[in-house]
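With the hints as extra help, turn the sequences into a complete structure.
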Amino acid sequence: DTGVSQDPRHKITKRGQNVTFRCDPISEHNRLYWYRQTLGQGPEFLTYFQNEAQLEKSRLLSDRFSAERPKGSFSTLEIQRTEQGDSAMYLCASSLGWEDTQYFGPGTRLTVL
Amino acid sequence: TQLLEQSPQFLSIQEGENLTVYCNSSSVFSSLQWYRQEPGEGPVLLVTVVTGGEVKKLKRLTFQFGDARKDSSLHITAAQPGDTGLYLCAGADGYGQNFVFGPGTRLSVLP
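First to last, the protein sequences are chains A and B. Per this note's numbering, the first sequence starts with residue 1, numbered consecutively. Per this note's numbering, the second sequence starts with residue 114, numbered consecutively.
Think of the hints as simulated: they come from the structure by calculation, not from any bench. Every value quoted in this text rests on a predicted model; they were computed, and no experiment measured them. Even glycine gets a Cβ: it sits at the ideal position worked out from N, Cα and C. Treat the hints with caution; some may be incorrect.
Beta-carbon label-pair distances, calculated as ranges [to be verified]: (1) A:Thr38 with B:Asn137: 41 to 47 Å; (2) A:Glu56 with B:Lys169: 26 to 32 Å; (3) B:His188 with A:Glu44: 23 to 29 Å; (4) A:Ala53 with B:Pro194: 40 to 46 Å; (5) A:Glu78 with B:Glu128: 20 to 26 Å; (6) A:Gly97 with B:Lys169: 38 to 44 Å; (7) B:Ala191 with A:Arg15: 45 to 51 Å; (8) A:Glu44 with B:Val157: 17 to 23 Å; (9) B:Pro194 with A:Leu96: 33 to 39 Å; (10) B:Val157 with A:Asn30: 20 to 26 Å; (11) A:Ser58 with B:Val141: 18 to 24 Å; (12) B:Pro194 with A:Asn30: 25 to 31 Å; (13) A:Gly16 with B:Ser221: 47 to 53 Å.
This is the structure we're talking about:
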């Protein structure tokens, strides 16, 4: 399967713990996006990368959130000192270029107790 | 800020009925995508429309992009239970710097 993959699929953590999610995009795609989706809502943009450069961050991305794409391939999204409000589905998507369609991974569902 | 609105928010119909869902904005989009999402999964791309007035068909699904590229519709003919899901529209501005999703239409097709 050469689609976008995300790991883990589910994560349950206690408030205050740090968590890290991984996204592997489609191999030739230069752009990688992170979104957050809460129940009953559409995905909300968090940040995106063009190769290894992080070009835009949403105001939703507080200081506790950090994303990296060190070699322009896979990406990680870390949340420090998790809060119950961080509970959501975290989606990763990739695209070939800036005008191209985004393809989504299956998401990581985070539950903060 | 570009916003996409979708209507209706919820739709429950019987198998075999036809339906149309809408995606509207006050902004112009260079392209617009429709996705379907099932619970616990990521959105799956159905179609991308690029040209104003464009109509695309995917089996029983017909997608239309408005002439002014501000709105789109999705029509499903003879709906089946397998069509059940959250239908999301998403749009990109001309620079690809801003990609926004609508809140979705949650469709339930009852057998």
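Hints and how they fare:
1. The hinted window of 41 to 47 Å between Thr38 of chain A and Asn137 of chain B is violated, with their beta carbons roughly 22 Å apart.
2. A hinted range of 26 to 32 Å for the beta carbons of Glu56 of chain A and Lys169 of chain B is consistent with their spacing of about 29 Å.
3. The hinted window of 23 to 29 Å between His188 of chain B and Glu44 of chain A holds, with their beta carbons roughly 27 Å apart.
4. Checked against the given bound of 40 to 46 Å, the beta carbons of Ala53 of chain A and Pro194 of chain B, roughly 45 Å apart, stay inside it.
5. For the hinted restraint 20 to 26 Å between Glu78 of chain A and Glu128 of chain B, the CB-CB distance of approximately 45 Å leaves it violated.
6. Hint check: Gly97 of chain A to Lys169 of chain B, Cβ distance near 21 Å, so the stated range 38 to 44 Å is violated.
7. A hinted range of 45 to 51 Å for the beta carbons of Ala191 of chain B and Arg15 of chain A is consistent with their spacing of about 48 Å.
8. Separated by about 19 Å at the C-beta atoms, Glu44 of chain A and Val157 of chain B satisfy the suggested range of 17 to 23 Å.
9. Between Pro194 of chain B and Leu96 of chain A the C-beta distance comes to about 34 Å, which sits within the given range of 33 to 39 Å.
10. For Val157 of chain B and Asn30 of chain A, the Cβ-Cβ distance of about 22 Å falls inside the hinted range of 20 to 26 Å, so the restraint holds.
11. Evaluation of the 18 to 24 Å hint for Ser58 of chain A and Val141 of chain B yields a pass: the beta carbon distance comes to about 22 Å.
12. Remark: the range hint 25 to 31 Å for Pro194 of chain B to Asn30 of chain A is contradicted by a beta-carbon distance near 39 Å.
13. For Gly16 of chain A paired with Ser221 of chain B, a C-beta distance near 38 Å fails the hint of 47 to 53 Å.
Violated hints for the displayed structure, listed by number in ascending order: 1, 5, 6, 12 and 13.
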